[in-house]
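*Asks:* Sequence:
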Amino acid sequence: MAVGGLASAPVPPSLAPVLPAAIPTPPPAGPLLAWYDRHRRTLPWRAGPATGAMPGEPDPYRIWLSEVMLQQTTVAAVGPRYARFLARFPDVQALAEAPWEDVAAEWAGLGYYARARNLHAAAKAVAGRGGFPDTEAGLRELPGIGAYTAAAIAAIAFGRPTVPVDGNVERVVARLLAIREPLPGARRLIAPIAARFMEQAEPRARPGDFVQALFDLGATLCTPRRPACALCPWRGDCEAQRQGIQESLPAKTPKAARKQRHGLHFLARDPAGRLLLRHRPPEGLLGGMLEIPGAPWREAPWSLEEALPHAPLPGLAWALRPGLAHHGFTHMDLDMRLAEASAPAGPAPPGMGWMEPAVALAALPTAIRRLLPLADPPLAEGPEPMASRPSGARGARKKGIRA
DNA sequence: AAGCCGGGGTG
DNA sequence: CACCCAGGCTT
Numbered sequence: 014m015a016v017g018g019l020a021s022a023p024v025p026p027s028l029a030p031v032l033p034a035a036i037p038t039p040p041p042a043g044p045l046l047a048w049y050d051r052h053r054r055t056l057p058w059r060a061g062p063a064t065g066a067m068p069g070e071p072d073p074y075r076i077w078l079s080e081v082m083l084q085q086t087t088v089a090a091v092g093p094r095y096a097r098f099l100a101r102f103p104d105v106q107a108l109a110e111a112p113w114e115d116v117a118a119e120w121a122g123l124g125y126y127a128r129a130r131n132l133h134a135a136a137k138a139v140a141g142r143g144g145f146p147d148t149e150a151g152l153r154e155l156p157g158i159g160a161y162t163a164a165a166i167a168a169i170a171f172g173r174p175t176v177p178v179d180g181n182v183e184r185v186v187a188r189l190l191a192i193r194e195p196l197p198g199a200r201r202l203i204a205p206i207a208a209r210f211m212e213q214a215e216p217r218a219r220p221g222d223f224v225q226a227l228f229d230l231g232a233t234l235c236t237p238r239r240p241a242c243a244l245c246p247w248r249g250d251c252e253a254q255r256q257g258i259q260e261s262l263p264a265k266t267p268k269a270a271r272k273q274r275h276g277l278h279f280l281a282r283d284p285a286g287r288l289l290l291r292h293r294p295p296e297g298l299l300g301g302m303l304e305i306p307g308a309p310w311r312e313a314p315w316s317l318e319e320a321l322p323h324a325p326l327p328g329l330a331w332a333l334r335p336g337l338a339h340h341g342f343t344h345m346d347l348d349m350r351l352a353e354a355s356a357p358a359g360p361a362p363p364g365m366g367w368m369e370p371a372v373a374l375a376a377l378p379t380a381i382r383r384l385l386p387l388a389d390p391p392l393a394e395g396p397e398p399m400a401s402r403p404s405g406a407r408g409a410r411k412k413g414i415r416a
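In my numbering, the protein residues as written are 14 to 416.
A hint or two may mislead.
Claimed, not checked - Simulated restraints on C-beta separations:
1. A208 to P390: 29 to 35 angstroms
2. R193 to A107: 47 to 53 angstroms
3. L244 to T55: 16 to 22 angstroms
4. G151 to H323: 43 to 49 angstroms
5. P295 to T148: 28 to 34 angstroms
6. R97 to L317: 34 to 40 angstroms
7. P322 to H344: 24 to 30 angstroms
Bear in mind the hints are in silico, worked out from the structure with no lab data behind them.
Glycine included, every Cβ here is placed at the ideal spot set by N, Cα and C.
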């Protein structure tokens, strides 16, 4: 196909630098689709008889939920949480009508909590308009749906001929055409190339399968490290493999170093054994999630005396527990200490509440849960190991605790 | 374009 | 340890 109307007339060499460069052509999609038909992964949100989980036509609600959960989150981590979420909120109406507290509790531990807030807001919008938009542009209007997710839902749930560009597709395309420019800048080269796949008849006939075939290729063969090129349906078409540089692609610009921060949190228990907790501000880090009250996270460590003005109740006998809870965020390393006190029966301070441990602990984000083993007696083992990895053979040492 | 936003799997 | 993951939003 002509790109920028340049295909028909030869371009004089002297003018070439001034004119837009032609978009490189990706390889034929046939081999990838044939490979997908043999080797595709069985996933809970994928239609077909293989799972029985989603018979018949794709359900936009289920596709949407899977795409949002999978944003920067591995398939292994999403699996059990997806089933649980779906059991609790079976359709978009149920999610729209649920209180935020229930949605937050169900999302706790999954991270990127803006996803849960946007999911809830989008459910209300969809329920209000009587169903999901069935075009990429319409989907793009919903909160939490960006360029990638809109294209993914449009292709998988509605059969639109569009190619969502995620980390897998970036890697696959960068290798196929040996694109050496580092990400994220290289995206402006990769996206138009990926889009050209839909010029071919086979992807256009089954867009949902084709884009998921790209995902599966990136997840199982064209992996970030040690790609299995010998098994790749495109092994004869890959320029990076031909040059032997596949393991160094895609290149990435280095990221900034993580900052170090310190916190000190105050855990009060009333005579009934309930815990004094509060909600974090609705935006920002862990926005809208439950936490143990404390002094703000800052550059320098806190002493108990210094942090005391941030204690939720005045006049209690706070005891600083030994040890340090550690949590690594994407852009910050956090060390937290824990002080505890017994409180007399009485109302909670404004913005806080006394909560039963069994209810509260499950709704805490992982960073805050790391404080629990410091309590005396310990309130929990901290974050549970993942259900998909039952025996936890390695890593007998628990994360998040420092002497 | 760059920074913010979680948490876990993996080599 | 470092790197990555079916990214979105804000500045």
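*Asks:* Would you mind marking each hint as holding or not holding in the structure?
*Replies:* Each hint, compared with the structure:
The given range of 29 to 35 angstroms is broken by A208 and P390, whose C-beta atoms sit roughly 58 angstroms from each other. In this structure the supplied range 47 to 53 angstroms holds for R193 paired with A107, their Cβ-Cβ distance being about 48 angstroms. At about 18 angstroms, the beta-carbon gap between L244 and T55 stays in the expected band of 16 to 22 angstroms. Checked against the hint of 43 to 49 angstroms, the C-beta distance between G151 and H323 comes to roughly 46 angstroms, which is consistent with it.
The hint said 28 to 34 angstroms for the Cβ distance between P295 and T148, and at roughly 31 angstroms that hint holds. Between R97 and L317, the C-beta spacing of about 39 angstroms keeps the proposed range 34 to 40 angstroms intact. For the pair P322 and H344, the supplied restraint of 24 to 30 angstroms holds, since their beta-carbon distance comes to about 28 angstroms.
In this structure, only the earlier hint numbered 1 is contradicted, and the remaining ones agree with it.
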